[in-house]
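Colleague: Sequence:
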Amino acid sequence: MKKIIDLLKKYIFNREMIMYIIMGVLATVVNLIVYAISVKALAAFMTNKPLYIGVAKLIAWVVAVLFAFFTNKIWVFESKSWAPKVFWRELISFIGARVLTGLLEVFGTPFLVSIGLDQTLFGVEGLWAVIIISFIVIVANYVFSKLLIFTKKETH
Numbered sequence: 001m002k003k004i005i006d007l008l009k010k011y012i013f014n015r016e017m018i019m020y021i022i023m024g025v026l027a028t029v030v031n032l033i034v035y036a037i038s039v040k041a042l043a044a045f046m047t048n049k050p051l052y053i054g055v056a057k058l059i060a061w062v063v064a065v066l067f068a069f070f071t072n073k074i075w076v077f078e079s080k081s082w083a084p085k086v087f088w089r090e091l092i093s094f095i096g097a098r099v100l101t102g103l104l105e106v107f108g109t110p111f112l113v114s115i116g117l118d119q120t121l122f123g124v125e126g127l128w129a130v131i132i133i134s135f136i137v138i139v140a141n142y143v144f145s146k147l148l149i150f151t152k153k154e155t156h
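Per my numbering, the sequence shown starts with residue 1, numbered consecutively.
Just so you know, the hints here were simulated from the structure itself, not pulled from any lab data.
C-beta atoms are modelled at their ideal positions from N, C-alpha and C, and glycine is treated no differently.
Each statement offered as a hint is correct.
Okay, derived cross-link-like pairs now, BS3-like style, lysine-lysine, Cα gap no bigger than 30 Å in a straight line:
hint : residue 1 : residue 2
1    : K146      : K2
2    : K80       : K10
3    : K9        : K80
Simulated restraints, written as ranges between beta carbons of each label pair:
hint : residue 1 : residue 2 : range
4    : A43       : Y11       : 41 to 47 Å
5    : T151      : I12       : 18 to 24 Å
6    : W88       : I136      : 25 to 31 Å
Model the full assembly from the supplied sequences, consistent with the hints where possible.
Modeller: Okay, structure coming up:
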């Protein structure tokens, strides 16, 4: 039992993982706030609701991804270098990984629904598919960030 507890402490309940979860929650809050503000602002001068909703979502996603990049760089993975070569490699890699997992989310959820994970949960159709894909996306984002983006091998 002690070995299991030690493994949990080492790989799950460590500073990095706790910070990753906290910053992920904050990035979600940023996304929601920016989305709400953007919808209100865009609705004031746009009449095509689906268009301004889409634009608001895009703005919120960009701001949330940038927020996540800086919080992950500084507090989660503690990447110390701000040298242009390192910074741009990390930023471009981070955005690329988020686009990739975003596509997984957009296409993976309907796929899971199409193969039978379309049960309604709490009044929301396909919520099991959303939960499963969200979990996969969170893990994939962490793995990309840990192993490919904030590698600590470049310092200047």
